[in-house]
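Residue numbers (the UniProt record's numbering), protein chains in the order written: chain E, 1 to 594; chain C, 1 to 351; chain Y, 1 to 358.
Everything labelled a hint here was simulated from the structure, so no lab data went into it. There may be inaccurate statements among the hints.
Residues from chain Y that face chain E, not an exhaustive set, calculated with beta carbons under 7 Å [what the hints assert, rightly or not]:
(1) Val89
(2) Phe93
(3) Gly111
(4) Phe114
(5) Leu117
(6) Phe350
Where a beta carbon is used, it is the ideal one built from N, C-alpha and C, also for glycine.
Listed below, chain by chain, are the residues.
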Amino acid sequence: MRAKASRLLPVGIAAMLTTLVVVFYYPVGSVLGSAISVGGRLTLDPLVAVLGDPFYTGSAHSLVTAPASLPERFVAWVNAGMPAVDFGLFGFTAYQALLSTVVSVAVGLPGAYLLARFEFPGREFLRSVTILPFVMPSILVAVGFLAMFGRTGVVNDLLATVGLGPVNVVFTLEIVILAHAFYNAPLVTRLVTAAWESVDTRSVETARTLGAPPLRAFRDVTLPQLVPAILTASVLTFIFTFLSFPIVLALGGLQLATVEVWLFARVQNLELVEAATLGAIETALSLGLIYIYLRFEATQISTHGQGQLRSRLPLFDGWQSVSDPRRLGVFLYCLVAAVLFVGPLVSLVVESLTTPNGAFTLDYYAFLLAQQASAAVGTINPLAAIINSLLFGLGALVLALPMGVLVSVVATHEGSGSRFAEALLTAPLAVSGIVLGLGMLRTLVFGTTVFGHRLTVTGPIAIVAAHAIAAYPFVTRNVTPALSGIDDRLVDAARALGADRPTVLVDIELPLIAPALIAGAAFAFAISIGEFDSTVLLAEGVDSATMPVALERYTANRSLGPNLGPATAMGTVLLAVTTGSFILIDRTGRRWER
Amino acid sequence: MNRRTFLRHGVGSVAGLAALSGCIGTPSDSGQTLTVAAYSSFTGDGTAGNWLKSAFESETPEATVTFQTTENGVNEFIQRRSQGAPIDADLFVGLNTGELVRADQQLDDSLFAASGDRIDGSETVKSALDFDPAGRVVPYDTGYISLVYDAEEVDEPATFDTLLKPQYENELLTQNAEGSDPGRAFLLWTINQKGPDGYLDYWNQLADNGIQILSDWGTAYEAYQDEEASMVVSYSTDQVYYHGDDVDISRHQVGFLNDQGYANPEGMAQFVNADNPELAREFMSFMLSERAQAEIATRNVQFPAVEGVDPGGDFGEFALEPPEAVTYSYDELVGNVGGWIDDWARQIVSN
Amino acid sequence: MTTTDPHSESTNSTAVEITDIGVDFGHVTALESISLSIADGAFFTLVGPSGCGKTTLLRSIAGLETPSHGKVSIGGRDVTTEPPEARNVGIVFQNYSLFPHLSVADNVGYGLQFHDLSGQRDPEARVAELLELVDLPGFGDRTPTELSGGQKQRVALARALAPEPDVLLLDEPLSALDARLRAKLRVQIKTIQRDLGITTVYVTHDQAEALAISDRIAVIQQGQIQQVDTPETVYRQPASRAVAEFMGNNNVFEGSVADDGQHLETEGKLLPLPETHDRAPGTSLTVSIRPESLVVADSQQGDPAVLSATVETVEFLGDAYRVHCRWRDKSVLVTTAATTPPEGTVKLHFDPEDVHLL
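Here chain E stands alone, though its shape is the one from the complex:
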């Protein structure tokens, strides 16, 4: 038993690296390589072509095309009264990502406050399902958002009853940013809640006794302890929204195109060198940001966990409590959250029960049953898709947890290059899904000839591996802070008692970071359930189809007319199955924790 853990570690690392190389680095490398290599020769031409194109980089293009004229241009710009500068497609993409990040944090933080500091019925449930938006296919989010925020949507109806509106946000940057907040604010909430719950009450009490009013104590004591979690969530949100793709065109239109939208069009036209170059620049920017962040995080890691945890306040504590400004703020926030999160999801359920004329219908669910009953070739059975999703989700969770923990071990290791290694190992977050999909197609699906046999890497196990790779960075982001928060002397004590390093990890550290592992597991599961791009490529036929693949197929089905009814019904099923799974993961995890 004992010797096993120590032998398992190198085997685990080798297995993880092999999987990463096969399912991630090799496919991605095969695509991005063409950004710097033409005909086997290294070249900067594609990069120079993109960076020097004002369409992509705006005013910054002259950095590449005419660096010598820069001072002169700068002076001219200052003399012109420093007008707004256009930085092209990359500039706009970064701009909308920045706005999305700010809004996501602004929406996500009060949620963390609510979940971490107040006790109310359903809190555990709410916490479990915070990351539900993560699994929602963008087409359904678009449906939900149109129903909520559209010209004739719920919000405008509500505004009209009080004599306001209408507000037209559809096809504007605003609704794209709101949709980004829908996806990413829950990430902020989930990560910050965990940090908030571990704030040592004694430090807050000390500040209060020293004369700090509650808000000051929050700013001076609590907030600094939340900063690493907020920054983690911000960096992730920025990267996700920088790489945002389908939701932009679905809600905002081509005028608001991001780099990723453009990249997708290049792939469709098979302009692969330009696509690879865009992908390489995106990846370099994202990885650079991750690296800078990790360097910062390393300076922030502090030992806590010995502290006294604060007890939660009851949210509703008699009628008098309602006038408490904190609670008033929380109630107001609940209203916002209801519109932004609950609204689109409920709209989706409503849509699945409504005909385009607004009449009640069960046709879309009957459609699902008919698909289930059909034995026709090429038909995706909903039940099979549910089972596939759950199995792949479970498989991805089981794989992603050890992978994520291994990277966390690297991350918490004090050593030169650890940050760099961690940034590289976080790369699955930083690579465009389109680039990865293209790479998988060209390497894993097309295959390669070995000893006269065509080897391809597809099917369920490849899908699970791809999901695990997409998911493990989330495990790492949850586990690293927890792991570095463990008192080093616990590790020292165990080693002095004779346990080797891997054994200490299994015996002491992992049980102590159970909450972070559970959160990581939930993320891993959510990523797997929501994954579409790689799944549909690697599935090869309908036998390995998952819920999102079924849903996509049903959107193209016209047997009930040109509407998304069948997709919304499948989406409702997806919501229900995922909600159940999250609750199960949390419950199971908590039992294990005890």
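Go by the hints and put chains C and Y onto chain E.
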């Protein structure tokens, strides 16, 4: 012809992390399996693909039809060819003009075999739809791009120029020509109307009048149904889905701008290295038969490609054909279409 | 310096041998070059102010720090490159460091799974035996959160001792406890150590604790060893001014040897020196006089071994007074067992033989 079937074995690697599905060639006893490559929604319960499979199999008892569906359409096969990866299908179904142009531009040798003359019934295809001068691709159906509008909100948009009027401000939804078939067709239609030198200016004015360019047809149509705008670029078959007493037909009016519709024919072609070229041609012939044409039209909600076929039923009654069909030919698109679309997209994004 | 190590006669084998150890943290040197021999069965204390490097030295013995140079041997075996788990040491930290998710019994028994104990004792029996030893019988099923600070520390001690380590390492084990408990537990640790005869290295910043508990003391300051000796010698005959000042509130006087060779010239006064010493007249000299060597008494005017000082503050210690006086520009500390506190101007009398030359 030695047809080889490929068995896929999922083999767990040592770590159990990756499946290596090796394709082990085993010769099958007869050359009677026809592999049809198509986009994924071509097959499934009640689709044209499944009807074709069972009808063809009962007509040709020794043949078995299998489908190979791809998410990336013909692009996957272009890339397979350019990388030297095997193509295990005999024919491709669902190819349009732009895609054929792309395939020919990307590859030195043609992906498809010239077989048009040798396919029974190919002479019955409407000549206006025939888009491959090399005779490789045979059209089997077509859609006509038109506007669908809400007659209670706006008057019928009769011409391209009326779309620029204030009445239609913020009322038109279309799709990204870079990724969507109807969106691309609509863009090509405007080029056809305004000329390669004038279309960008026209689109500038469309943009000023608040046209919205969404990702794909489904998204745009959903937004139309949610009353985000009262016109959407769609197909002239709209009323096939929406007719009858419980439907507000004013919301499903079809507008043929300048009395035209842009034809977007879909074709099929045999891969050059097909294992079963004869069977592939037989299948293509079958697809052009009157019975199959009627079924494809009904199930795909597209017009038959063959002259004189009346699908009957709801389709026959409610599908509207434009007074005049326009489309760009292969030769007109070659060397131009990429630049036209690229210039257009750059202009839209930059504004 | 004639005092002998009580253990050097009974045992002459060395349990821990440290040769020229240095530890760097980045650009900061924590330990310069330390060499130490710790005798088998000895209670050896590393004492010094915080940040002096004593904990680093202890962790180097445990293998928890990697020295940049030097050698560590335990029981004659070179363990310099061995990981902690291969060194057979037991360690106890100030903050107890009990595994919070394990019961008391599982904590104590944790190390047993990695060790084959002589006599093949049943692990459960061994755990019970150790809980008995630290006076916590029947506590096995509790969780660490249910224990008081003192109980936690005794569990930590039991856990460290369970696998029968060659060396017991204690890192400020009592610092988190209140004074009464600290004194009590100190005795308990000392008793257990003596009963088991286990070589123990103890780290503390508290000189009183070091004096009370140790067989030998190493005073460490700024990463270097100042003095290694018995508690008595370190206390009475500190090797340097730094040691003198650190080991209890010593009175230190600086000056030079007077021409007669019998006095120290300091603060414009002459203080008598011991009869025999080896310092030449005119050389500069620092001496120390312990507070208990000064006696508050009336005596003849003009006696050189008398300081005429003013009382500034008096602390009542129960069995004595600690009197803070001012003599000339210097603060002078006196301990007196008098029944009433001195006040005003007092005469501080001392025996020249109690003046310690540094």
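Results for each hint:
1. Below 7 Å, beta-carbon pairs count as interface contacts, and Y:Val89 has one with chain E at about 5 Å; its hint therefore holds.
2. Against a cut-off of 7 Å between C-beta atoms, the interface hint on Y:Phe93 holds, since the closest Cβ of chain E lies about 5 Å away.
3. Of the supplied interface hints, the one on Y:Gly111 holds, with its beta-carbon coming within about 3 Å of a beta-carbon of chain E, less than 7 Å.
4. About 3 Å separates the beta-carbon of Y:Phe114 from the nearest beta-carbon of chain E, less than 7 Å, and the hint is met.
5. Checking Y:Leu117 against chain E: minimum C-beta separation of about 11 Å lies over 7 Å; hint violated.
6. Annotation: Y:Phe350 was flagged as interfacial toward chain E, and the flag is violated, the nearest CB pair being 46 Å apart, outside 7 Å.
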